[in-house]
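Peer 1: Sequence:
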Amino acid sequence: MPVLPLIIGTYTTTLGHVDGHNEGILGTSLDTTTGEFGPVTLLARTRNPSYLALSADGRSLYASDESADAGDRTGGTVTAFTRDPATGTLTTQTCRPSGAGACHVVVDPSGRYVLAANYVSGSVSVFPIGADGDIGEPTAVVQHEGSSVHPRRQTAAHAHMIGIDPRTGDVLVPDLGMDAVLGYTLGPDGTLTARPELRIDAPAGAGPRHLAFHPDGERVYVLCELGSTVLAHRRDGTGFRRTAVVSTLPEGFDEPNLTAAIRVSPSGRHVLVSNRGHDSIAVLRVDDDSDEPVLVHNEPGRGTYPRELALSPDGRIVLLGNQNSDELVAFTFDDDNGALTHLGTLNTANPVCVVFP
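Residue numbers for the sequence shown follow my numbering, beginning at 24 and rising by one.
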């Protein structure tokens, strides 16, 4: 598609890690031939919609509100919106309390539940989806317990993402504070049952943040924010076996860096990671049946603190959201050799999530 419609999540208030100064959820488009972005429209005025999830039919959108001071364990929410597929217009339905620092949201494959990861409170919430796309009271709230070695970032549990195993439907939750990925089964009644055999332990201080599955369903890559590493795993029985630890940084770089987002190309030939500090996209090559990705190069992000890295459904366009320099940067991506070529830049405040309707 020459013109790619986009929905953008942003920050609207100042939190401990960001000076938010946008207004809510935005809509725009990208001409993938010329690199020009279309007009930016405010689709919904809402607080800190830092992560978004779209229903399979495109008629509902769900946003996590990352609000919460360090001492506020109830400040985050999840909001449901109806969406007109023809115009993109959003209409607010219901806003539900989720947990402090609700930072990630996903719709489960059945389309019956929305799951949210709450960073500050270190918990996972499950919301039922009604026939009209609205969300009800939580069917489950699971509290993580644990800590690790980092004196500031790992004094308590910090659930950071909801991953869904494409083969089994199991729920995998990277917890930065615990240095672990915890596994659950989502029941038909919306409850979460712990699956200890799915647990993935990270090296002490690594800080697992996000994960992404390879298209073959056999390999999963855990992105560690504090360690700037990708932990490669292969399915092994009912769990996962680590096969490699790969840095996202070029050799010799020793300045502060925090990784943010990880994507796998549709072909499975490359893993892409955003680096905040080095301010780059790390491109890792995955050879056929290889258990160890190889860092090919780091593409400059053309801005500072790239939190979001989104890959278009066909894998040909990469969008990088530079949180602190207020740009959404588009690149073309050559999946044959991993090359990224700058296509265009949109100036907008705090673009930190992109979905493709």
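Since the hints were made in silico from the structure, they are not lab data. No experiment lies behind these values; they were computed from the predicted model shown. In this text, a Cβ means the ideal position worked out from N, Cα and C, and glycines have one as well. Hints are not guaranteed to be accurate.
Across the chosen pairs, the derived CB separations fall in these ranges [as the list claims (entries may be wrong)]:
(1) ALA267 x ARG222: 14 to 22 Å
(2) GLY228 x GLY159: 17 to 25 Å
(3) THR112 x ARG264: 41 to 49 Å
Peer 1: Are the hints correct? Go through all of them and say.
Peer 2: Structure-based check of each hint:
no. : hint                        : in the structure
1   : ALA267 x ARG222: 14 to 22 Å : holds (19 Å)
2   : GLY228 x GLY159: 17 to 25 Å : violated (39 Å)
3   : THR112 x ARG264: 41 to 49 Å : holds (47 Å)
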